[in-house]
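Peer 1: Sequence:
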Amino acid sequence: MATITAAMVKELRDRTGLGMMDCKRALTAADGDLDRAIDDLRRKSALKAAAKASRTAAEGLLALRVADDRRKATLVEVNIETDFAARHEKFAAFLDTVAEAAFAAGANDVDGVMTGALEALREALVQEIGENVTVRRVVTFENAGGHVASYLHTDRRKGALVELEGGGDLAELGRDLAMHVTAAAPEVVRPEDLDAAFVAKEREILEAQAIDSGKPPEIAKKMVEGRLRKTMGELSLVEQPFVKEPKTRVGKLLSGAGATCTRFVRYEVGEGIEKKADDFAAEVAAQAGTS
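With our numbering, the residue at position 35 of the sequence shown is 35, and numbering never jumps.
Worth flagging that the hints you see were computed from the coordinates, not collected in a lab.
Don't take every hint at face value.
Claimed, not checked - No farther apart than 25 Å at their CA atoms in a straight line, the calculated lysine to aspartate or glutamate pairs in the DMTMM-like style are these:
hint, residue 1, residue 2
1, K222, E245
2, K247, E165
3, K90, D69
4, K201, E165
5, K252, E204
6, K222, E192
7, K24, D39
8, K252, E225
9, K230, D193
10, K72, E202
11, K244, D176
12, K72, E218
13, K215, E204
14, K72, E11
15, K158, E225
16, K90, D111
Quantities reported herein were computed from a predicted structural model and do not represent experimental measurements.
Work the whole structure out from these sequences, hints included.
Peer 2: If you want it as structure tokens, here you go:
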């Protein structure tokens with residue numbers, strides 16, 4: 001009997017989109033043979049789900065759940081292949097079910113949610129709608145002594161969670177900042193939070209530009225530092241101009257309320273996924289050719 005490793009389970013899951021336990025059972029039954037496991041899965045009830053798992057699911061929606069006391073919130077992204085299918089009532093119902101489960105579990109990863117009944121529900125949805133469906137991301141902020149703010153855009157394709165501490169009633173400020181994060185897409189809370197390797201690379205590029213400009217060394221050095229500060233500020237929440245009052249920086253709003261932002265997260269449906277625009281057209285053409 002072959003030893004089934006975590007890497008083998010992950011590879012099968014990546015290739016089929018099925019649940020971790022389903023993949024482990026399939027690999028065990030196939031004595032570790034990945035291709036045989038895929039064939040076995042496709043012969044069974046997971047056939048359609050496994051067959052569609054390689055297709056890019058870059059559309060979809062976000063779902064948000066917030067505790068009444070605003071000390072806990074969960075944001076979930078569920079993807080599907082087309083915007084049209086994202087409006088299907090059963091896709092919306094599945095999204096809501098995943099969000100409720102993730103919120104109840106305080107989940108921060110997909111594996112913590114997509115087990116058992118929910119994975120079976122996903123597979124059934126794939127077979128019924130005819131498109132690949134994936135639960136891509138899950139995040140929960142919970143702070144018993146602070147405030148968790150949230151914002152979900154009306155199209156349900158962009159949203160954010162923001163954690164604040166200190167101050168008094170932070171409900172309005174928190175919502176405003178979550179909306180700001182959704183709109184302005186900062187990368188970090190403070191400039192010093194930026195990755196050191198990124199900052200070093202930016203400095204290297206700016207130094208090369210300064211040298212090419214022919215400026216004297218002392219002037220070039222000041223140019224580099226000024227431009228680097230500007231770049232770091234543009235990427236940092238506290239240094240960004242507040243979207244509702246562009247003359248005021250976010251950091252000033254926070255200090256005025258006696259509050260600090262400890263972390264935030266921003267989701268946008270499909271960000272970072274390489275879309276294959278010809279997938280659907282190719283499939284239609286293939287079907288037409290065989291009909």
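Peer 1: So which hints don't hold here, by number, going up?
Peer 2: Those not satisfied are hints 1, 3, 4, 5, 10, 12, 14, 15.
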